[in-house]
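Engineer: Fit chain B to the given chain A structure using the hints.
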Amino acid sequence: MTAAAREEGHPLVVVGAGVMGTGITTLALTHGVPVTLVDVDRAVLDRAEVAITRNLRTATLLGAAPPDTPPGRLTTVTSLADALSGPSPVAVIEAVVEDPATKAAVLAQVSAAVSMGTPIISNTSSIPIDELAAGVTRPADLLGTHFMNPAYLITTVEVIPGPRTAADVVTSAKKFLGELRRTPIVVRDSPGFVTSRLLHPMINDAARLVQEGVASAEDVDALMRGCLGHPTGPLRTADLIGIDNLVDALDVLHRRIGDDRSRPCELLLEKVRDGHHGRKSGRGFYDYEEAQP
Amino acid sequence: MTVSATPDTIEQELIDFLETRTKADWTATRDLFGEGGLSSLFAMELVVHLEQSYGVTISGANLKLANFRTVKAMVDLVVRLRDEA
Chain A
221 MTAAAREEGH PLVVVGAGVM GTGITTLALT HGVPVTLVDV DRAVLDRAEV
271 AITRNLRTAT LLGAAPPDTP PGRLTTVTSL ADALSGPSPV AVIEAVVEDP
321 ATKAAVLAQV SAAVSMGTPI ISNTSSIPID ELAAGVTRPA DLLGTHFMNP
371 AYLITTVEVI PGPRTAADVV TSAKKFLGEL RRTPIVVRDS PGFVTSRLLH
421 PMINDAARLV QEGVASAEDV DALMRGCLGH PTGPLRTADL IGIDNLVDAL
471 DVLHRRIGDD RSRPCELLLE KVRDGHHGRK SGRGFYDYEE AQP
Chain B
282 MTVSATPDTI EQELIDFLET RTKADWTATR DLFGEGGLSS LFAMELVVHL
332 EQSYGVTISG ANLKLANFRT VKAMVDLVVR LRDEA
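In the order they appear, the protein sequences are chains A and B.
The first sequence maps to residues 221 to 513 in this note's numbering.
The second sequence maps to residues 282 to 366 in this note's numbering.
Chain B with its partners taken away, still in its complex shape:
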């Protein structure tokens, strides 16, 4: 678990994770489910990945697709949840 990772590190780790899982190239702002063409079901894998990798719990109003649409949105979510903890 990389609980103390910086936003830049999280961003790179997420891009690496996506590239491994999807065998495609990603940027921080590319829409995973729109132009990226990923199935929305993949979003749940991202939820689990963030929880397991960064020690956050994603529930309630945070459990919405908009928070997983781009790498940047996921980094923002992790940083916010860690700050709130």
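Only chain A is shown next, with the shape it has when bound in the complex:
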């Protein structure tokens, strides 16, 4: 699939130029795949282009870009219809906000426009794929992925077929991810899948400990790193995920599973209200030199 993309000009279409959309775009570009990145907001696209330029350098710096592979060509457009009217895409990845209605609307538009058998991928940290499949023309072509942030650095990807996803679409998506040097792990469709179901309540608990004054964010993270081998600590991870996205995903988990550990704690809600969304806004549990969308 990446060869078709590189040699025949069939792009990967990525919808949504937020943190995950830019990360996935960077991943594809580093592997020489042309990408059409779509967002309704031109200002968001402009910021995404800056972020992608920086991400491409980071990928090189950290040895995450294949050597001797020139980056793919990036095109940015504000119209999804325009993006889908060009050469047929190798796949479409929807990476808009973690809101079921917003995702469903985008997926419905995509599925009505692309040819049968084109993998339509919803990148979600929590929303069941079969729920999203309800509004698409061909549920067999829809499956979920859960890339971690930064998508161009983290090499394992959760893959979620819904009960109506065709087996050959799962095979195609796994092949594509393999060509992007990712390791796909297929799990059954369920709210939060595996990683968010485990990670997000734990981050919520960590934030609650800070809220209750048991420990500072720095000390919670230091303990999780030093005692339990967590690579960054849960609260720095929250900053990387985006605290607004984290709260959205916790809401999805809480509503669908009923687990009270998934009810977003007040400290997380307060940070969202204050616009302290983490690394992308320049401030979350930690301060950052600059906002990095």
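Hints are supplied without guarantee of correctness; some may be wrong.
Take a look, some chain A residues computed to stay more than 10 Å from chain B by CB distance [what the hints assert, rightly or not]:
| id | residue |
| --- | --- |
| 1 | 274 |
| 2 | 277 |
| 3 | 280 |
| 4 | 281 |
| 5 | 283 |
| 6 | 324 |
| 7 | 331 |
| 8 | 334 |
| 9 | 351 |
| 10 | 354 |
| 11 | 357 |
| 12 | 373 |
| 13 | 438 |
| 14 | 452 |
| 15 | 474 |
| 16 | 478 |
Just the calculated beta-carbon pair ranges, DEER-fashion [to be verified]:
| id | chain 1 | residue 1 | chain 2 | residue 2 | range |
| --- | --- | --- | --- | --- | --- |
| 17 | B | 353 | A | 435 | 30 to 36 Å |
| 18 | B | 357 | A | 319 | 21 to 27 Å |
| 19 | A | 295 | B | 300 | 41 to 47 Å |
| 20 | B | 357 | A | 374 | 28 to 34 Å |
| 21 | B | 347 | A | 398 | 25 to 31 Å |
| 22 | B | 343 | A | 410 | 43 to 49 Å |
| 23 | B | 343 | A | 319 | 31 to 37 Å |
| 24 | B | 308 | A | 228 | 51 to 57 Å |
| 25 | A | 223 | B | 345 | 38 to 44 Å |
| 26 | B | 320 | A | 223 | 52 to 58 Å |
| 27 | B | 341 | A | 405 | 45 to 51 Å |
| 28 | B | 310 | A | 493 | 29 to 35 Å |
| 29 | B | 289 | A | 442 | 31 to 37 Å |
| 30 | A | 493 | B | 343 | 40 to 46 Å |
Keep in mind the hints are simulated off the structure, nothing from the lab.
Heads up, the beta-carbon is just placed ideally off N, CA and C, and yes, glycines get one too.
Structural biologist: For chain B alone, coordinates are given in the frame of chain A:
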């Protein structure tokens, strides 16, 4: 921009920068990403900091983590890039 800074000055400025950003103590030879425990993503902030502070452009083969692993490695990189310019 401190383009004309000496290696000793650059070293001290980088240690000050790291201590401000990380709220930890640093030496010229401490491994930032190994024993120092910093995220490798922070390396990109260091790239931008060096470019903006010392007027160098870091690209190609110089854009590798080994050049940012210690303060000393970063000083060596800045001095070499300025000499090549």
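Engineer: The structure should be examined with respect to each hint, and the outcome stated for every one.
Structural biologist: Okay, the hints, checked on the actual structure:
| no. | hint | in the structure |
| --- | --- | --- |
| 1 | 274 | violated, 7 Å |
| 2 | 277 | violated, 6 Å |
| 3 | 280 | violated, 5 Å |
| 4 | 281 | violated, 5 Å |
| 5 | 283 | violated, 7 Å |
| 6 | 324 | holds, 33 Å |
| 7 | 331 | holds, 35 Å |
| 8 | 334 | holds, 34 Å |
| 9 | 351 | holds, 33 Å |
| 10 | 354 | holds, 38 Å |
| 11 | 357 | holds, 39 Å |
| 12 | 373 | violated, 8 Å |
| 13 | 438 | violated, 8 Å |
| 14 | 452 | violated, 6 Å |
| 15 | 474 | holds, 29 Å |
| 16 | 478 | holds, 35 Å |
| 17 | 353/B x 435/A: 30 to 36 Å | holds, 34 Å |
| 18 | 357/B x 319/A: 21 to 27 Å | violated, 49 Å |
| 19 | 295/A x 300/B: 41 to 47 Å | holds, 43 Å |
| 20 | 357/B x 374/A: 28 to 34 Å | holds, 31 Å |
| 21 | 347/B x 398/A: 25 to 31 Å | holds, 29 Å |
| 22 | 343/B x 410/A: 43 to 49 Å | holds, 46 Å |
| 23 | 343/B x 319/A: 31 to 37 Å | violated, 43 Å |
| 24 | 308/B x 228/A: 51 to 57 Å | holds, 53 Å |
| 25 | 223/A x 345/B: 38 to 44 Å | violated, 28 Å |
| 26 | 320/B x 223/A: 52 to 58 Å | violated, 34 Å |
| 27 | 341/B x 405/A: 45 to 51 Å | violated, 35 Å |
| 28 | 310/B x 493/A: 29 to 35 Å | violated, 44 Å |
| 29 | 289/B x 442/A: 31 to 37 Å | holds, 32 Å |
| 30 | 493/A x 343/B: 40 to 46 Å | holds, 43 Å |
In summary, the numbered hints that this structure violates are 1, 2, 3, 4, 5, 12, 13, 14, 18, 23, 25, 26, 27 and 28.
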